[in-house]
Amino acid sequence: MVRFLLSGDAPRSRILAVLLALVLVGLAFAPFIFPGVRALHTAATICIFILLVASYDLLLGYTGIVSFAHTMFFGLGAYGVALASVHMGRGWDALAVGTLAGALAATVLAWLIGLFSLRVRAIFFAMITLAVASAVAVLVSQLYQLTGGEDGLTYQIPRELTPAFRFGELFGVRLNGRLLNYYLVFFTCLALFLLLLRIVNSPFGRVLQAIRENDFRAEAIGYRVVVYRTAATCMSAAIAALAGSLYAIWLRYVGPDTTLSFEIMIDVLLMVVIGGMGTMYGAVIGATIFVLAQNYLQNLMGLAAEATAGLPLIPDLVDPNRWLMWLGVLFVLSVYFFPTGIVGRLRAGR
Amino acid sequence: MTQTLLETTDLTVRFGGHVAVDRVTCSFRAGELTAIVGPNGAGKTTYFNLISGQIGATAGRVTLKGQDITRLSVSRRCRLGLGRAFQLTNLFPELSVFENVRLVMQTRMGRGLNLLSTAESHADVSHAALAVLERVRLDRLRDQKVSELSHGNQRKLEVAMLIALEPDVYMFDEPTAGMSVDEAPVVLDLITELKQDRSRTILLVEHKMDVIRTLADRIIVLHNGALVADGPPAEVMASDVVQEAYMGKEIEDV
Numbered sequence: 001m002v003r004f005l006l007s008g009d010a011p012r013s014r015i016l017a018v019l020l021a022l023v024l025v026g027l028a029f030a031p032f033i034f035p036g037v038r039a040l041h042t043a044a045t046i047c048i049f050i051l052l053v054a055s056y057d058l059l060l061g062y063t064g065i066v067s068f069a070h071t072m073f074f075g076l077g078a079y080g081v082a083l084a085s086v087h088m089g090r091g092w093d094a095l096a097v098g099t100l101a102g103a104l105a106a107t108v109l110a111w112l113i114g115l116f117s118l119r120v121r122a123i124f125f126a127m128i129t130l131a132v133a134s135a136v137a138v139l140v141s142q143l144y145q146l147t148g149g150e151d152g153l154t155y156q157i158p159r160e161l162t163p164a165f166r167f168g169e170l171f172g173v174r175l176n177g178r179l180l181n182y183y184l185v186f187f188t189c190l191a192l193f194l195l196l197l198r199i200v201n202s203p204f205g206r207v208l209q210a211i212r213e214n215d216f217r218a219e220a221i222g223y224r225v226v227v228y229r230t231a232a233t234c235m236s237a238a239i240a241a242l243a244g245s246l247y248a249i250w251l252r253y254v255g256p257d258t259t260l261s262f263e264i265m266i267d268v269l270l271m272v273v274i275g276g277m278g279t280m281y282g283a284v285i286g287a288t289i290f291v292l293a294q295n296y297l298q299n300l301m302g303l304a305a306e307a308t309a310g311l312p313l314i315p316d317l318v319d320p321n322r323w324l325m326w327l328g329v330l331f332v333l334s335v336y337f338f339p340t341g342i343v344g345r346l347r348a349g350r
Numbered sequence: 001m002t003q004t005l006l007e008t009t010d011l012t013v014r015f016g017g018h019v020a021v022d023r024v025t026c027s028f029r030a031g032e033l034t035a036i037v038g039p040n041g042a043g044k045t046t047y048f049n050l051i052s053g054q055i056g057a058t059a060g061r062v063t064l065k066g067q068d069i070t071r072l073s074v075s076r077r078c079r080l081g082l083g084r085a086f087q088l089t090n091l092f093p094e095l096s097v098f099e100n101v102r103l104v105m106q107t108r109m110g111r112g113l114n115l116l117s118t119a120e121s122h123a124d125v126s127h128a129a130l131a132v133l134e135r136v137r138l139d140r141l142r143d144q145k146v147s148e149l150s151h152g153n154q155r156k157l158e159v160a161m162l163i164a165l166e167p168d169v170y171m172f173d174e175p176t177a178g179m180s181v182d183e184a185p186v187v188l189d190l191i192t193e194l195k196q197d198r199s200r201t202i203l204l205v206e207h208k209m210d211v212i213r214t215l216a217d218r219i220i221v222l223h224n225g226a227l228v229a230d231g232p233p234a235e236v237m238a239s240d241v242v243q244e245a246y247m248g249k250e251i252e253d254v
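So the protein sequences, as listed, match chains E and R. Counting from 1, position 116 in the first sequence corresponds to residue 116 in the UniProt record's numbering; the numbering is continuous, with no gaps. Counting from 1, position 157 in the second sequence corresponds to residue 157 in the UniProt record's numbering; the numbering is continuous, with no gaps.
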């Protein structure tokens, strides 16, 4: 059963298996293990970014295509839900329509970009995605009547997914719509992640890896490389859009900073590289570490600064305001010591 | 009369002012092994590239089993029955030996676009791939990464991938180049074996005269991109053009 769900792609490292199990259990029972609004928000963000990063890995790690438009697809999904909810009013139908429209728009746009640029050299694709993503970001901030511009949009989602909807208590945790919303996010992300894992281990996924290794030869043994590349781009975009829709449902807000910005694109790139490209499990490890560091490094440093208050220099170094510097140091070190990512390192050190 | 499988008509390619392949008209029949010889730079590999589609022709036609394939993509030609092994080893370096051959088997059996089943669940593809590895005696190395193989074994794998494709037209570009004396016969035996199948044709670019003598039914000679001789081995090898081309002397325009 486990083998079937993982598509025969075992972690192949005991430490990795333990880490993955910890993340799974931690996320599955997050509302009960880590009570509190902020912890739950962090858990949901981790779920969504695991999915987003995994869909990017399909493109970068498995097919060898560099794209800078991944947050654009993420944003299309998010804005789909937001716009549908604003214009159709609060309701499940708005969520469904918005999600489908976002995924469809992402697929079509990915297909168009692929059509124009995947036949030529890979670097051209990267540049086109950069241009299109910038154009869309500018467009979203300019069309403020439609998109709310830089302020973004807030909207209402069905009552069953909000904290106002209460239905009892379990282990001292209040059961409410927020909890349902979390499990909607969790299970959708889990299912889509397993789908991605299946895709990369399917005959199709093997062709993608062959294309990454040697596209010339893949073509010479009869694979239409451009078709496979385009299909991978479209799937990756569609799943990124679905992740975006979930994020919009979770946050009840969309804005350029939460979904479209290039900062998120860079974050996604870092998560893939830190976790390990072309492994899928790298997305899990990379996204978890990254999001945790983003949310809790500051607190951790605050504690360290207090503990070392009497000492010279050290409290200044670990001052919470310097958290971004330490995050940077962590990345440089991890890329230096684990060039194949954490998953690659763990598998090699078996 | 045996069937013509592949035909080139006035096939020409120019790179700037340089004519690399010059109006080559030639047909290849089923059950025949044709050696293509000529000095370095004569256009042998370019001729291969034109046939398999890596380079577009400036003029002329390539016809496969009666169908004009001059404008078709490389992958399309492959699916129509044109298989090629490369002179410079051209594999999937970070994948295993088995996976390299399995990928070829997968395309031949048309499973590439299968998204929702695992590759391992296609047992028939795996079995067929393993059978090919056994044939070239690489089955012991099946889990080895290709980049870690010896040069000789990489050449063998290159041949194995062509055999796995089972095309109508086999194109070998110096299959034994750089192989040791005891490795080369394995590949040559395989080609001899392929010759037994009278429904296919084999094109072989080769430098080693002893190999040509034992394998070829027919030799064509390219010189400066043009076809200068065509006939049975004994006859062609005795002719003046070949003697001179191989001695590296200037020959008159033919």
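For the record, the hints were derived by calculation from the structure and aren't laboratory data. Hints should not be assumed to be uniformly reliable.
Unchecked claim - Here are the simulated lysine to any residue pairs, SDA-like style, with alpha carbons at most 20 Å apart:
{"no.": "1", "chain 1": "R", "residue 1": "Lys145", "chain 2": "E", "residue 2": "Pro35"}
{"no.": "2", "chain 1": "R", "residue 1": "Lys145", "chain 2": "E", "residue 2": "Ser13"}
{"no.": "3", "chain 1": "R", "residue 1": "Lys145", "chain 2": "E", "residue 2": "Gly344"}
{"no.": "4", "chain 1": "R", "residue 1": "Lys145", "chain 2": "E", "residue 2": "Met88"}
{"no.": "5", "chain 1": "R", "residue 1": "Lys145", "chain 2": "E", "residue 2": "Gln209"}
{"no.": "6", "chain 1": "R", "residue 1": "Lys195", "chain 2": "R", "residue 2": "Pro185"}
{"no.": "7", "chain 1": "R", "residue 1": "Lys208", "chain 2": "R", "residue 2": "Ala238"}
{"no.": "8", "chain 1": "R", "residue 1": "Lys195", "chain 2": "R", "residue 2": "Met209"}
{"no.": "9", "chain 1": "R", "residue 1": "Lys145", "chain 2": "E", "residue 2": "Asn214"}
{"no.": "10", "chain 1": "R", "residue 1": "Lys145", "chain 2": "E", "residue 2": "Thr340"}
{"no.": "11", "chain 1": "R", "residue 1": "Lys145", "chain 2": "E", "residue 2": "Leu115"}
{"no.": "12", "chain 1": "R", "residue 1": "Lys145", "chain 2": "E", "residue 2": "Leu40"}
{"no.": "13", "chain 1": "R", "residue 1": "Lys145", "chain 2": "E", "residue 2": "Asn201"}
{"no.": "14", "chain 1": "R", "residue 1": "Lys145", "chain 2": "E", "residue 2": "Asp215"}
Taking the hints in turn, this is what the structure says about them:
1. R/Lys145 <-> E/Pro35: violated (48 Å)
2. R/Lys145 <-> E/Ser13: Roughly 19 Å separates the two Cα atoms, so the pair holds.
3. R/Lys145 <-> E/Gly344: holds (16 Å)
4. R/Lys145 <-> E/Met88: violated (55 Å)
5. R/Lys145 <-> E/Gln209: Cα-Cα ~14 Å, so holds.
6. R/Lys195 <-> R/Pro185: holds (15 Å)
7. R/Lys208 <-> R/Ala238: holds (16 Å)
8. R/Lys195 <-> R/Met209: holds (18 Å)
9. R/Lys145 <-> E/Asn214: Distance of about 14 Å is within 20 Å: holds.
10. R/Lys145 <-> E/Thr340: Within the cut-off at roughly 17 Å; holds.
11. R/Lys145 <-> E/Leu115: violated (34 Å)
12. R/Lys145 <-> E/Leu40: Violated, at about 44 Å.
13. R/Lys145 <-> E/Asn201: holds (18 Å)
14. R/Lys145 <-> E/Asp215: holds (18 Å)
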